[in-house]
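Using the sequences and the hints, build the whole thing.
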Amino acid sequence: MKTFRLLAVGLVIGVVGYWLLGPGPSSRLGAAEPAKVGSATSSARAALDAPRPTPATTPVPTGTSATPPAPDAGSAAPAPASAAGALLLPVQGIGADQLQDTFTDARSEGRVHDAIDILAPNGTPVLAVADGTVEKLFDSVRGGLTVYQFEPSGRYCYYYAHLDRYADGLAEKKTIKRGEVIGYVGSTGNASPEAPHLHFEIHVLGPEKQWWKGESINPYPVLKGQQAL
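Numbering (this note's numbering), first residue to last: 2 to 230.
Calculated from the structure, these hints are not laboratory results. C-beta atoms are modelled at their ideal positions from N, C-alpha and C, and glycine is treated no differently. Only true hints are included.
Simulated crosslink set (DSS-like; lysine-lysine; CA at most 25 Å straight-line):
1) 174 x 137
2) 174 x 214
3) 214 x 178
4) 178 x 210
5) 210 x 175
6) 214 x 137
7) 137 x 178
8) 225 x 178
9) 175 x 137
10) 175 x 214
11) 174 x 210
12) 210 x 137
Here are the in silico distance ranges between beta carbons for each label pair:
13) 122 x 156: 29 to 39 Å
14) 193 x 99: 17 to 27 Å
15) 101 x 180: 19 to 29 Å
16) 182 x 142: 18 to 28 Å
17) 126 x 196: 17 to 27 Å
Printed below as a string of C-alpha cells:
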C-alpha cells in the first residue's frame, strides 16, 4: 500500500513537471498562428519601407517649349503705314525735295487751292501715282485737259490738271498702272503759259462715287512720304 502511494505521488509530480517544463503556449496553439502574424507584420513593414512611387507626369515632346515660337526669320514683316499708302511722284524727274505745299494758297474768287502745283518744263511726262482706272477725261475752263483716276478700292480719286496733252491710247475706263505715262505737263485752262505745271489733287470719294465731287486732302505730306492714305 505504501508503495502504491509513492507511485501515485511520483505520477502527479511527473505530470506537473511536464506541464511546467514542456513546450510553451505557442506550440500548443499550433505552428501556423505565429507564422500568420509574422507574415502580416512583414508585409506592413515592407509597404512602409518601400520607396514612394514618383507621380506620373505627362512626357513633354522633345523640342517644344512653353513659350510661343519666334516668328520665322524668312517671313515678310508687315509693311509700315507710310509704305502702304505711299504714292509715286506724278511728274517725271521731280524729287520730293522740290515740292512746295500750296494746298492752302488763295485763288481767285475767294477759293482755296486744295491741291499741289508741281512746276516742270512743258511736255514733261505725267505719271500715274498708283494703280487704278481712268474714270473721266475732261476739258474744263479752269483745269484745261484733266484726268480723274479712281484707285481700285474706290475710296480715292486722283486729279491731274493743266495737261498739254494726253498719252497716246489713254481712254476712260482704261486700267492704268503706277508709273504709267498718262499725259504731259502743260498750261491749259487758266494756268500761265510762262509757268507750266501739274495741278494735282486727292479726293476722298463719297458713297455716290462722283468723279467731280469729293473731300480734298493735302497731297503734299502724302507725296513727301510723311503721311499715308
